[in-house]
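Trainee: Here are the chains, one letter per residue:
Protein chains: 2
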Amino acid sequence: MGEPEHIRSTYNDIHNIIRGASDKIASEFKPDMFIAIGGGGFFPARVLRTFLKDSSTKRNIPIQAIGLSLYESLPGTTAEQLGNQVVRTQWLGPDSGKRLLGRRALIVDEVDDSRKTLQYALHELQKDVETELQLLPESERDLQRTKFAVFVVHNKLKPKLGELPPNTPYFVGAEVEDVWLDYPWEAIDIEEHDRRAREDKEKKTDVTVDEHQH
Amino acid sequence: MGEPEHIRSTYNDIHNIIRGASDKIASEFKPDMFIAIGGGGFFPARVLRTFLKDSSTKRNIPIQAIGLSLYESLPGTTAEQLGNQVVRTQWLGPDSGKRLLGRRALIVDEVDDSRKTLQYALHELQKDVETELQLLPESERDLQRTKFAVFVVHNKLKPKLGELPPNTPYFVGAEVEDVWLDYPWEAIDIEEHDRRAREDKEKKTDVTVDEHQH
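One line per chain: the protein sequences are A and B, in this order.
Going by full-length UniProt numbering, 174 is the number at position 174 of the first sequence; the sequence numbering is gapless.
Going by full-length UniProt numbering, 95 is the number at position 95 of the second sequence; the sequence numbering is gapless.
For identical chains, the list gives no copy identity; a pair is met inside one copy or between any two copies.
When the alpha-carbon atoms are kept at most 20 Å apart in a straight line, the in silico EDC-like pairs for lysine to aspartate or glutamate are as follows:
no.	residue 1	residue 2
1	K201	E191
2	K53	D189
3	K53	D32
4	K24	D13
5	K147	E28
6	K24	D189
7	K201	D182
8	K53	E186
Think of the hints as simulated: they come from the structure by calculation, not from any bench.
Bear in mind that the values here come from a model prediction, so they are computed numbers and not experimental data.
Can you make the complete structure from the sequences, with help from the hints?
Mentor: If you want it as structure tokens, here you go:
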């Protein structure tokens, strides 16, 4: 029945979804560092910084970037590499663990699809922290252990292939069905994109009205 | 006479400014790598990637991020540090020079204000390249020397304190007077921001009509 379902978000939609999640993140996690997963996490992290200040210093929260790609999307991938599935294209730096020590780091991405990218990011960052913790006297380690949390603009409601470490705080802007998400920064013609996003919303409103009537 | 002049851009304004610059960048520079200066360059780099593909592989152009802050905006700055003025908060990694070798790297930021941040970025990236070139046989160096160019969404027309290396291709989305630039990602209330941006444009149109009539 026609094309597969898409959800089209305008820039202002995304901006307001992030705004809507920010109070909860501020009160429940209080991050003092954002780690944006590029390229999709760049925009959400920058917008989130407008709504959240460092709770102790009241200053802007610094954004660090990491680059990750799923191997599926890279050319010349062998079966063996597919076992790893995620490849780093950029990392925090050679002093990654040192930068993370004692911080409350919020990992930001635009969408949680299979959760494999998030799993990889959390696992690898945690490894850097553990390496660094080993250099500290044992009595200091608990205090200096990094607290991680995750924020995604959209979470797709579907079976996940990756998982997050237990008790990782997880913040979502909006839960969506397993449909195509069309982000505004991927649009060539942004006015056309917005027009179709508006149409989608009107259609949805019609359906809702209809359901109420029957 | 009222508040100082502001230019308010909507997300779609910025999207279209970047779209407008992309053909010229594609034909005159053909980047195969973006270096986004965070946090302001993240969004422009991501949008630019939609409009530009790698001219030889036709694939997405990878975005690498660097973090730079002007010392002026950091607390506890001494006069001596002000001499340096720019501080790195993130870099390409320990293999920065190696990553850059042979590439055509477009450095992306939202605004060229004093030009100090751009000067620092170009200078330091070039240093990394030179260090790496020294490890190559002399005959290969010219071929492997990185080509850098700059893209900014807005260039403020004002005396610049920094300068770019001679012959650095420089691409601008829009030239603006030395006024306050209000970016959408800094807005708390994005609808109010858009409303005021629209009012500004209407005012400007009025003035233009007026000038034509007299």
